[in-house]
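Protein chains in written order, with the numbering used here: chain B, 1 to 254; chain Y, 255 to 390.
Treat the hints as calculated values from the structure; they're not laboratory data. Watch out, some of these pointers could steer you wrong.
[Unchecked claim] From the derived model, a few chain Y residues whose C-beta atoms are all more than 10 Å from chain B:
(1) K302
(2) S310
(3) G353
(4) T359
[What the hints assert, rightly or not] Ranges of calculated distance between the beta carbons of each label pair, as one might list FRET restraints:
(5) B:G130 to Y:A371: 39 to 49 Å
(6) Y:G350 to B:K143: 30 to 40 Å
(7) B:E206 to Y:A274: 23 to 33 Å
(8) B:E37 to Y:D265: 32 to 42 Å
(9) Y:A275 to B:D8: 47 to 57 Å
(10) B:G230 to Y:D348: 17 to 27 Å
(11) Y:D348 to B:R99: 29 to 39 Å
(12) Y:G350 to B:L56: 53 to 63 Å
(13) Y:T329 to B:Q127: 52 to 62 Å
(14) B:R96 to Y:E345: 20 to 30 Å
(15) B:R95 to Y:G318: 36 to 46 Å
(16) Y:V368 to B:R99: 34 to 44 Å
(17) Y:D264 to B:R31: 27 to 37 Å
(18) B:R96 to Y:T329: 18 to 28 Å
Just so you know, these numbers come straight off a predicted model, no measurement behind them. We put the CB at the ideal spot given by N, CA and C, even for glycine.
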Amino acid sequence: MNPRGGYDHLAPLFVELAALPEDSAERRELRERLVTEHMPVADHIARRFAHQGAPLDDLSQVAKIGLINAVDRFDPEHGADFMSFAVPTIMGEVRRHIRDTSWAVHVPRRLKEMRLAIAGAVTELSQRLGRAPTPSQIAEHLKISREEVFEGFEATNAHHSLSLDYLLTDDPDSASLADTLGADDPELSVVDAREALYPLIKKLPERQQKIITLRFFGNLTQTQIAETLGISQMHVSRLLAKSLDQLRAGLVEG
Amino acid sequence: MTSDEPPFGDDIEVKVGADAAQLPVLRAIASVVAMRQDLDLDAIADFKMAVDEAGSMLVLKAVGQTNLTCRFTPTKAEIKFAATALSESGEWPDAGSFGWHVLSTLADEVDASVTPATGGHLLRIEIVKRNGLGHE
Chain B
1 MNPRGGYDHL APLFVELAAL PEDSAERREL RERLVTEHMP VADHIARRFA HQGAPLDDLS
61 QVAKIGLINA VDRFDPEHGA DFMSFAVPTI MGEVRRHIRD TSWAVHVPRR LKEMRLAIAG
121 AVTELSQRLG RAPTPSQIAE HLKISREEVF EGFEATNAHH SLSLDYLLTD DPDSASLADT
181 LGADDPELSV VDAREALYPL IKKLPERQQK IITLRFFGNL TQTQIAETLG ISQMHVSRLL
241 AKSLDQLRAG LVEG
Chain Y
255 MTSDEPPFGD DIEVKVGADA AQLPVLRAIA SVVAMRQDLD LDAIADFKMA VDEAGSMLVL
315 KAVGQTNLTC RFTPTKAEIK FAATALSESG EWPDAGSFGW HVLSTLADEV DASVTPATGG
375 HLLRIEIVKR NGLGHE
């Protein structure tokens, strides 16, 4: 995979190109030949960046523009060979494109679809099994490999703001759910009162209060809580982790 | 014991600064280990939070500029997580604390111990999360 391989014979053509008058037909022809023959270099670079999520077609286009710029700007008299000038030029062009279109921060479509498929499978399997499924069960259900399931979960973890729940639930913090934490405070007394935990829990948004209480004082599993509240297990998981962070911070301050 | 033996078999040993900023790293490792052990999603989430909680309990007690030494031991039936930190105080654990309660809820087994060490006390915490499949 050496993109430099087999382009040496083109080097003298750059000297020829530089010698040709600006608007001549020969110059245009030679320029086009140089671009065409170097095209595999541009494609190679485009492919290297494709895993970051931008469509390969777009990247190839941008890399090609980078290559044309490189051919136009290259000065053979400067001594350097074309490749060591062209590769950084093309890569710069591709990087700029990725940055500008902010593709790098987006999850590739394939992974987005994967996350949605996984979320659907989790819901279905939880209902069928009466408990949370394992990655193997999800893989089997979707007829994909376990590695793909891991990948899907990693994508979920890496992009909180684009999490499954925001895609699947309309209003994750709707007030309609907030009626649940009533007068009974199940066994909050297990915990040492000197920690002043109670007021801290009460300071959490109502849904988080509910989840904390059900998980730690009602001993329900995350899947059971998810069912009770009509949200996904992953959302329960996230809210739980967030609540614990907030409580911890509160305990340290107090 | 955690700090002396090199990892063997499927064991994973990690050393991080005793700093809350390192906890996400432990959480991420916990998540990958639990996922690859094929725990169910509830258990994966529980284990992750338990590691986080155990780690933060140690971080709060640890002497500055020291390490948390952590070891994950996954087997077919369960994952064990053991961590140690050096502390000035030997008061450990605070079994009435919310953190301890959280830990006992999340993990199947929780165990803590203190041993005298140069420069203070070596605090140790160990949690076990069982692969609940077929047991519930």
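Honestly, which of those hints from before does the structure not fit? 1, 2, 3, 4, 6, 8, 10, 11, 13, 14, 16, 17, 18
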